[in-house]
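As you go down the protein sequences, you meet chains A and B in turn.
Each residue of the first sequence is one higher than the last, beginning at 1 in UniProt numbering.
Each residue of the second sequence is one higher than the last, beginning at 1 in UniProt numbering.
Errors might be hidden in some of the hints.
Identical copies carry no separate label here, and so any pair may be met within one copy or between two of them.
[Said to hold, decoys possible] Straight-line distance between alpha carbons at most 30 Å, and here's what the computed BS3-like set of lysine-lysine pairs gives: (1) K246 to K420; (2) K165 to K280; (3) K373 to K420; (4) K165 to K373; (5) K280 to K373; (6) K373 to K189; (7) K280 to K420; (8) K373 to K233.
Just so you know, these hints were derived from the structure itself, not from any lab.
There are 2 protein chains.
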Amino acid sequence: MTATAEIIAIGSELTWGMSLDTNSHWLSLRLAEMGIEVAYHTTVADTLPGIVDALDHAATRADLVIVTGGLGPTADDLTREAMATMAGVELVVDDSSLTHIEGMFQRRGRTMPERNRVQALFPQGSSPIPNPHGTAPGIWLERPASPERGATLYIALPGVPREMKPLFDEAIRPRLAERFGTGLYVIHKTLRCYGAGESRIEEQLGDLTRRGRAPEVGITASEATISLRVTAKGRSREEADALALKDIHFIHQQLGDIVFGAEEDELQTTVARLLSQRNKTLATAESCTGGLVGHLLTEVSGISAHYLGGVVSYSNAAKTELLGVPAELIERHGAVSPEVAQAMATGCRARFGSDLSVGITGIAGPGGGTETKPVGLVYVGLAHEGGIDIAEYNWAAERSSVKLRSAKTALNLVRLCLLKP
Amino acid sequence: MTATAEIIAIGSELTWGMSLDTNSHWLSLRLAEMGIEVAYHTTVADTLPGIVDALDHAATRADLVIVTGGLGPTADDLTREAMATMAGVELVVDDSSLTHIEGMFQRRGRTMPERNRVQALFPQGSSPIPNPHGTAPGIWLERPASPERGATLYIALPGVPREMKPLFDEAIRPRLAERFGTGLYVIHKTLRCYGAGESRIEEQLGDLTRRGRAPEVGITASEATISLRVTAKGRSREEADALALKDIHFIHQQLGDIVFGAEEDELQTTVARLLSQRNKTLATAESCTGGLVGHLLTEVSGISAHYLGGVVSYSNAAKTELLGVPAELIERHGAVSPEVAQAMATGCRARFGSDLSVGITGIAGPGGGTETKPVGLVYVGLAHEGGIDIAEYNWAAERSSVKLRSAKTALNLVRLCLLKP
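Please construct the entire structure, taking both the sequences and the accompanying hints into account.
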């Protein structure tokens, strides 16, 4: 049986346009991967009759309804009540959920506010979906078939993406695969690239990205990181896998070290992996990126064995005091210059005693640009055992983008250096 | 009459998750500005029965239905046909639309493909909305009241945002303002809070967040930052403003320095503003946050006059070498301890010669926790002219959240210190 699904997002902040719903989009992709087709998205404001109507109408057209949002502790969180009303049942307390919520507060050294008690209420006959990522458990509710309509499964999840996504992947996805799985295997593989533009990559891949080709290969770009997504279908997992792997092999051949990873990899996860494999240490000296390289690296757990730390040398005094960049050098060439990037990197490497170090100096804007040194001009120095490399970039972009692209480029230089035999 | 609106986005690429619908969000904001409340968004795949059902069901709950997408020339563009089916009428050719479409192709030096002829078809009784921005005209269809439901106005617009937006602003908005214009002015004001949980804030605001109250006050939380959104309506801008200001005044009274800003403010923008007003300088010593505080601060342009820089002291050696934290102190109390947070903050202040400095040390996880020092334990030290403050936090959260909440808390301590007379 091919299931038809509907996704219902709840929240006046969504229908009023204050926030953009991204959960429905994410869930659609996840369900598509399992062969479950999402035919409807509904977004509904925080009113009880509106939510009940949306839940009820969904049963006329969908076998599976996934609801996000409205599970918080406040008065405008109405999902629990609406589900009970739709199903014609009472709300009852689930003791183990109550214990879990109290525990979450206890671990933060706080007592549970009385309001949060409502998060342990469930429509009679439904099952709680334990949520290790937050206080609100999800709800699993089976609505039996009636003379007018088939059976419908309702699953309510928290609206916060940080809680919703892992909860779906861990607790919901396997159960849905078992129940609605179609027998047609759809495999998605993503390769992540850095160091060439979208159109150049498309050129190098030739026929691969043509529409209608199978497997399908899509390209998306986000702040200079390019993702190639291969979608292969087969009657068995092996068949789909083999088709996908053939394309992946071709992409690696064509793009070489432009491919830095797969699936959810970021440059920092690849750098962390390479640092560990090569048993090398890294330190950072950041001016215009303001600590962003350090922040990205320290998003990777276990990095502490290889990332020794850094200096955010935002002021010239910090460059001199903490990195040993001669004041005279800054005076002569300016703080944004290849000479200062080099001195920052070498000074940082000496200070931290690291194997590798990067020095980044640039003009993030919007102010501070001149004719010869425009906003977006960035120098990155990389000091390593073999010497020092300096690269110049010119990002015509706004402040946040200049920072992010500079940080990524620095990480990419570290990656390429670590790849060398 | 206050109109209730529904927005229907049509396209399988949306329900399947290949594209993210941003039109509904944009239209919601535009309608809200006119006092028209959007209570429902529906997204529906390209199937005739599905679209007809969505259009039909919308009439049970909305006075105004705006449809985007499905007006192109290809076989999966079904909006015209679905509107005719719903209204129980035929599709008829509109000659002036046909002339317009032929003209668009002529001006591009091409003859009109036969397919595009369907774009000149309209449900009988509806009016074309000429579209100077593309080939597909919009559709204006009045569905009269029936015994079961009130009258509903349907407006179909192209799905391409580049065509939809100007067409709405030029051709639709003035007509809607005239028809549904309540003469009612709607004002939105947002206050941003840090330092108390969502339910605690709601408690302190008492009646304010009660549903149905006017003005309406909504609460949303994102990584411990709480937003309070006041929506006030009045017969004049002045009346609406006065109502909103009364609530804002009350919120300030009740929450005091928990309110850190308004509208788009983030803690770092408020800190940057206060540093500038008080003419103070700041430096940072970050362990578990890995440079995130520096990154957030340097997202604010112009911060370089007041943020001197920082040290990412990820390794113990960096704490000792660059911040002067005695190795013996780390040995005795551990790197994650109030003593080390204090020494990091004071060492950082001395090194950078700043007025204020923060020192942050903690266990971001998922590894590295012990029974006495669990994952999420964070100490923040704040060194200032008057001495040093140390605070302890226990975030039961995953790595990224521990980092972000710790960084925000550090910024908040700086803010509170700068607020002192």
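ask   = Honestly, which of those hints from before does the structure not fit?
value = Going through the list in order, the structure violates hints 2, 3, 6 and 8 and respects the others.
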